[in-house]
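First to last, the sequence lines map onto chains A and B. Oh and the first sequence: position 4 is 4 in this note's numbering, straight run, nothing missing. One gets this note's numbering by counting positions in the second sequence from 1 and adding 133 to each.
No lab work stands behind these hints: they were computed from the structure. Wrong hints could be hidden among the right ones.
Stated by the list, open to error - Pulled a few chain A residues facing chain B out of the computed Cβ check, cut under 8 Å:
1. N77
2. K82
3. K104
As the list claims (entries may be wrong) - The following label-pair restraints were derived from C-beta to C-beta distances:
4. D234(B) - E103(A): 38 to 46 Å
5. A238(B) - S47(A): 52 to 60 Å
6. G297(B) - E21(A): 18 to 26 Å
7. G297(B) - S97(A): 36 to 44 Å
8. T264(B) - D98(A): 33 to 41 Å
9. K259(B) - T25(A): 47 to 55 Å
10. K227(B) - T101(A): 35 to 43 Å
11. T264(B) - D70(A): 40 to 48 Å
12. P93(A) - A238(B): 47 to 55 Å
13. L191(B) - H53(A): 39 to 47 Å
14. V18(A) - E206(B): 15 to 23 Å
15. T25(A) - L164(B): 19 to 27 Å
16. K52(A) - M224(B): 58 to 66 Å
17. N216(B) - W105(A): 42 to 50 Å
All residues carry an ideal CB built from backbone N, CA and C; glycine is no exception.
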Amino acid sequence: MKLIITILSLFSISFASVADEYLLTLAKQAKSENPKFSGFDTKRGESVFTSKHIGKKGKEISCTSCHGNDLNKVSKNYFTTKEIEPLSPKANPKRFSDIKTIEKWIRRNFNDVYNREGTTLEKGDVVTYIINK
Amino acid sequence: MKSLILTVALTSAVFASSFNKSDVAPVTNELYKKECGSCHFAYQPGLLPSKAWNKMMLNLSNHFGSDASLEEEDYLSISRYLNNNSAEKFMNYKRSAKIVDSLRAGEIPESISKTPYIIKKHRDIKASLITQKEVKGIFNCTACHTTAQKWIYGESDVLIPNYGKWKD
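The following block holds chain A by itself, in its conformation from the complex (with noise of 0.2 Å):
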């Protein structure tokens, strides 16, 4: 029995996909911050997602203002006009597919949508629901 729960697990371990092991590096950083900790939350990141604030542009957005109210489908940068590919990795299986990448959009569009940097909470909160949407 032991042995096949390693195997197992090593299975799991082998195949968690990239968007696990960010947030796994995050949930270490949040636990470091904070040691109440207790794991990301979907609900909270919806909310990261979907607020409205002043940009760095100086117009109230969200994320949702480019990405759209479905992330399983096709929108527009509000902004550009230029076709956004779903963001969900659902409909879209090259989403969360790369670290660098996951990181320069978190970083870019926090600032873009926040004008600030995203906390290591409120990253760990909005990917957490963007994979599960």
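Assemble the complex: chain A is given as a structure, and chain B must be docked to it using the hints.
For chain B alone, kept in the frame of chain A given last:
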């Protein structure tokens, strides 16, 4: 006969090299397409001189009000691509030459839309057609230039949303 074929071949080769059907050299760099083309049309590097690209690249964390910052390696690679393919190096392409020639001595434009040639070419279009939600601004080439992706900016391929074909 053989010499005739040779002459024709040589003549067409000479013409092909001095006359370009496209207005500006095509985009050839995949990293550039990916990084810059995610948020807007991947403008051909031949639409601005290198000094203008360099000025823009120095301020990517506030790129027309958006954060477009890049990792160091990607920043260097894209800068190199823009510099190697900028307008003043491709003066045999019609639009590159027109843009470069329109600049005043020492002028470094903030964007393609701010070059005198591009301003002049768009000055007769009603402001409301440019600011409408389907277009948003002069920066949005593909909103009206239906062949911009194919490096052609001729008037006959212009189709303005809620207006139609453009006649000068």
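Do the hints match the structure? See the list:
no.: 1; hint: N77; result: holds, 6 Å
no.: 2; hint: K82; result: holds, 5 Å
no.: 3; hint: K104; result: holds, 7 Å
no.: 4; hint: D234(B) - E103(A): 38 to 46 Å; result: holds, 42 Å
no.: 5; hint: A238(B) - S47(A): 52 to 60 Å; result: holds, 54 Å
no.: 6; hint: G297(B) - E21(A): 18 to 26 Å; result: violated, 51 Å
no.: 7; hint: G297(B) - S97(A): 36 to 44 Å; result: holds, 42 Å
no.: 8; hint: T264(B) - D98(A): 33 to 41 Å; result: holds, 37 Å
no.: 9; hint: K259(B) - T25(A): 47 to 55 Å; result: holds, 52 Å
no.: 10; hint: K227(B) - T101(A): 35 to 43 Å; result: holds, 37 Å
no.: 11; hint: T264(B) - D70(A): 40 to 48 Å; result: violated, 27 Å
no.: 12; hint: P93(A) - A238(B): 47 to 55 Å; result: holds, 52 Å
no.: 13; hint: L191(B) - H53(A): 39 to 47 Å; result: violated, 27 Å
no.: 14; hint: V18(A) - E206(B): 15 to 23 Å; result: holds, 20 Å
no.: 15; hint: T25(A) - L164(B): 19 to 27 Å; result: holds, 25 Å
no.: 16; hint: K52(A) - M224(B): 58 to 66 Å; result: violated, 48 Å
no.: 17; hint: N216(B) - W105(A): 42 to 50 Å; result: violated, 26 Å
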